[in-house]
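Visitor: Quick note, the sequences are listed as chains A and B, same order. Here the first sequence is numbered in our numbering, starting from 68 and rising by one per residue. Here the second sequence is numbered in our numbering, starting from 8 and rising by one per residue.
Bear in mind the hints are in silico, worked out from the structure with no lab data behind them. All C-beta atoms, glycine included, are put in the ideal place defined by N, C-alpha and C. One thing to keep in mind: the hints can contain errors.
[To be verified] Non-contacting residues of chain A with respect to chain B, defined by C-beta distances greater than 12 Å in every case (computed):
| no. | residue |
| --- | --- |
| 1 | S127 |
| 2 | H174 |
| 3 | T176 |
[As the list claims (entries may be wrong)] Footprint (simulated), chain A over chain B, 3 or more residues, beta carbon under 8 Å:
| no. | segment |
| --- | --- |
| 4 | 81-94 |
| 5 | 133-142 |
Residues per chain, in single letters:
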Amino acid sequence: MIPLGSLWLRLLVLVGLGATALLGSRTLLAGAQPAPRRHVVEIKGMAFDPAVLEVTPGDSVVWINRDIVPHTATAKSQWDTGPIAQGGRGVFVSRRRGEITYVCAFHPTMQGRLITR
Amino acid sequence: MTHFPPTKLLGFLLVLAAPIELSAQSGPPDLSDPEVAHVAVTANSIDIELARLAQSRAGNRDVKAFANTMITDHSAVNAQAAALAGRLGVTPKDNAVSQSLLAGAATARAPLEKLRGASFDVAYIDREVAYHQAVLEALDGLLIPTTENAELKKLLVDVRPAIAAHLAHAKQLRSSLPAAQ
């Protein structure tokens, strides 16, 4: 017959091992896929800054409008932040790998490039 | 204050078809800050009014979109100018340059009012190219150098890239339209 105190001790050890394994697997997963990052593109002087941005799938891009006039970040038939007023922000989460040129829908001579690797 | 070179001023006013008379004695205008503010607001308002005409007369979808952008952007600039004037306690003051702008705008608008569709599109965008080119020259040669108040000068400097982008947009649009008849 196993003493009651020893049984509790074994249970505690098992629970501890299980928790360690669970945490370890999470750490491994996190290592395989880094946490999504947030990138900022400023719109100022009628230009996107930076004009070319590299991100990884799951990252978000935030456009901040520093100009007087409203802008958008628009990749035709793909995605569109909609109008961003002075001082406002527009957000897009990039999920698919690839390169795309986007424009301001109001000022099509303004162009930016988003590269998702 | 900085004097505007007579040749530049004449070029600006000629492009805008402004019937201002410059006597040899008076020379080019030496604008005060309230006068510069008035010129800036007038220039924006002229383009807003022409864009409103374009909304009902233009045939091309992109030309209509351009006109909408002109209304939005120039209204935003005028709102900033009004807010700044209020903060500084400045009342924009009418002057000869503003008057010449208005006269030039009326002259340029008259033939456009007779047009519709594709012929309006070409004439309107041609006018927008010339107008924004002239406004850029006025900003660089007259309005920015003449302005003394730092905040008003900064507003004009901040507006300049928008005018340059409008000019580039108008030129891009013009190249996609048929040649003028």
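Visitor: Take the hints in turn and mark each one as holding or not.
Guide: We went through each hint and held it up to the structure:
At roughly 27 Å from the closest C-beta of chain B, the C-beta of S127(A) stays outside 12 Å, upholding its exclusion from the interface. Distance to chain B contradicts H174(A) as a non-interface residue, since its nearest Cβ pair spans about 5 Å, not more than 12 Å. Not every CB of chain B is more than 12 Å from the CB of T176(A) (nearest about 4 Å), against its label as outside the interface. Restraint check on the segment 81-94 of chain B versus chain A: 3 residues with Cβ-Cβ distances below 8 Å, three needed, restraint holds.
Proximity of the segment 133-142 of chain B to chain A, defined as three or more residues with a beta carbon under 8 Å from a beta carbon of that chain, is not established by the 0 residues found.
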